[in-house]
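Protein chains: 2
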Amino acid sequence: MRIVLQKVSEASVTVGSAVVSQIKHGYMLLVGIGTDDKLEDIDKLSKKILTFRGFDDDAGYGWKRNISEVDGEILCVSQFTLMARTSKGTKPDFHLAQRGELANELYGQFMDKLKAGLGDDKVQNGVFGAMMSCKLTNEGPVTIIFDSKA
Amino acid sequence: MRIVLQKVSEASVTVGSAVVSQIKHGYMLLVGIGTDDKLEDIDKLSKKILTFRGFDDDAGYGWKRNISEVDGEILCVSQFTLMARTSKGTKPDFHLAQRGELANELYGQFMDKLKAGLGDDKVQNGVFGAMMSCKLTNEGPVTIIFDSKA
Numbered sequence: 001m002r003i004v005l006q007k008v009s010e011a012s013v014t015v016g017s018a019v020v021s022q023i024k025h026g027y028m029l030l031v032g033i034g035t036d037d038k039l040e041d042i043d044k045l046s047k048k049i050l051t052f053r054g055f056d057d058d059a060g061y062g063w064k065r066n067i068s069e070v071d072g073e074i075l076c077v078s079q080f081t082l083m084a085r086t087s088k089g090t091k092p093d094f095h096l097a098q099r100g101e102l103a104n105e106l107y108g109q110f111m112d113k114l115k116a117g118l119g120d121d122k123v124q125n126g127v128f129g130a131m132m133s134c135k136l137t138n139e140g141p142v143t144i145i146f147d148s149k150a
Numbered sequence: 001m002r003i004v005l006q007k008v009s010e011a012s013v014t015v016g017s018a019v020v021s022q023i024k025h026g027y028m029l030l031v032g033i034g035t036d037d038k039l040e041d042i043d044k045l046s047k048k049i050l051t052f053r054g055f056d057d058d059a060g061y062g063w064k065r066n067i068s069e070v071d072g073e074i075l076c077v078s079q080f081t082l083m084a085r086t087s088k089g090t091k092p093d094f095h096l097a098q099r100g101e102l103a104n105e106l107y108g109q110f111m112d113k114l115k116a117g118l119g120d121d122k123v124q125n126g127v128f129g130a131m132m133s134c135k136l137t138n139e140g141p142v143t144i145i146f147d148s149k150a
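Heads up: the protein sequence lines correspond to chains A and B, in order. According to the UniProt record's numbering, the first sequence is numbered sequentially starting from 1. According to the UniProt record's numbering, the second sequence is numbered sequentially starting from 1.
Because the hints were derived from the structure by calculation, they are not lab data. Only a predicted model underlies this, so the values are computations on that prediction, with no experimental measurement involved. Hints should not be assumed to be uniformly reliable.
Copies of the same chain are indistinguishable here, so a pair counts whether it falls within one copy or spans any two.
Here are the simulated DSS-like pairs of lysine-lysine, each with C-alpha atoms no more than 27 Å apart in a straight line [unchecked claim]:
no.: 1; residue 1: Lys64; residue 2: Lys38
no.: 2; residue 1: Lys24; residue 2: Lys149
no.: 3; residue 1: Lys44; residue 2: Lys149
no.: 4; residue 1: Lys88; residue 2: Lys44
no.: 5; residue 1: Lys149; residue 2: Lys91
no.: 6; residue 1: Lys38; residue 2: Lys24
no.: 7; residue 1: Lys113; residue 2: Lys38
no.: 8; residue 1: Lys44; residue 2: Lys64
no.: 9; residue 1: Lys149; residue 2: Lys38
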């Protein structure tokens with residue numbers, strides 16, 4: 001399982017012409033589920049995201065506070081392309097990306113764990129499998145890669 | 001060296017209140033340089049980005065055309081946080097991230113290779129080391145992680 005976390009001041013997902021979800025300050029998460037991922041991968045990375053100290057303290061010292069300590073929100077979007085292998089050739093190889101119902105099930109469990117930790121109203125979702133336009137403002141920028149196998 | 005590529009319909013970098021760079025359709029690249037990276041890593045990933053078939057063909061089949069074949073642009077931003085190790089604890093460990101002049105030099109060489117391949121006017125940059133607001137619209141979304149050590 002891989003996650004690209006971007007620290008945002010705002011982020012939204014639009015499908016067609018409808019804004020389906022939006023947050024103010026917090027994390028935009030792009031989430032890739034792999035063919036060999038299980039509940040323990042979901043467990044590991046949901047804990048990691050909720051406890052990750054991605055925010056400064058009041059004195060401006062970095063990496064001090066986590067998402068709930070700054071009353072932040074999370075916008076989560078499923079992104080199988082994160083599991084691409086790119087070392088050979090010019091086309092991405094997606095054999096390690098879990099797809100369809102299996103991916104959606106694990107992704108749903110990941111969302112449930114984030115909501116359990118942060119509160120339902122603080123965790124937004126894209127539309128699994130839809131063509132989405134993800135608008136965001138990455139402040140810093142701050143972008144962190146999490147990998148459950150690392 | 002790590003790159004997070006996001007396929008965008010627009011992207012810009014603002015420092016303070018000034019928009020310092022912006023592109024329309026193409027790639028937003030967040031680029032992390034590691035302490036053990038050399039020119040060969042720069043060479044490898046610049047070739048990979050320029051030849052990567054991230055775009056559909058006219059019939060809508062995916063992964064067929066590269067950035068120059070679709071007359072796309074690249075907005076590149078230095079992002080040392082991509083080299084963070086996150087497996088232990090709740091704070092990112094940046095010991096593997098190259099910093100300062102050494103990072104800036106390799107990053108500059110990476111930019112030069114992209115420009116040589118795509119044309120100077122098609123490759124934009126952030127401001128190395130500055131606090132930047134990176135606005136983007138990731139279409140799909142499509143996000144790919146490239147790692148020169150993979």
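These are the hints, each one checked on the structure:
Proximity of lysine 64 to lysine 38 under the C-alpha cut-off of 27 Å is found in neither arrangement, the shortest distances being 30 Å within a copy and 32 Å between copies. Proximity of lysine 24 and lysine 149 under a CA criterion of 27 Å is satisfied in neither setting, with 30 Å inside one chain copy and 35 Å between copies. In this assembly of identical chains, the alpha carbons of lysine 44 and lysine 149 lie at most 27 Å apart whether taken from the same copy (10 Å) or from different copies (25 Å). When the C-alpha separation of lysine 88 and lysine 44 is checked against a cutoff of 27 Å, the pair qualifies only between copies, where the shortest distance is 11 Å, while the shortest distance within a copy is 30 Å.
Proximity of lysine 149 and lysine 91 under a CA criterion of 27 Å is satisfied in both settings, with 24 Å inside one chain copy and 18 Å between copies. Taking CA atoms no more than 27 Å apart as the test, lysine 38 paired with lysine 24 passes in neither setting, with 31 Å inside one copy and 39 Å between copies. When the C-alpha separation of lysine 113 and lysine 38 is checked against a cutoff of 27 Å, the pair qualifies only within one copy, where the shortest distance is 14 Å, while the shortest distance between copies is 40 Å. Only within a single protomer do lysine 44 and lysine 64 lie at most 27 Å apart by alpha-carbon distance; the minimum there is 20 Å, versus 36 Å between protomers.
Taking the shortest Cα distances, lysine 149 and lysine 38 sit within 27 Å of each other both inside one copy (11 Å) and across copies (26 Å).
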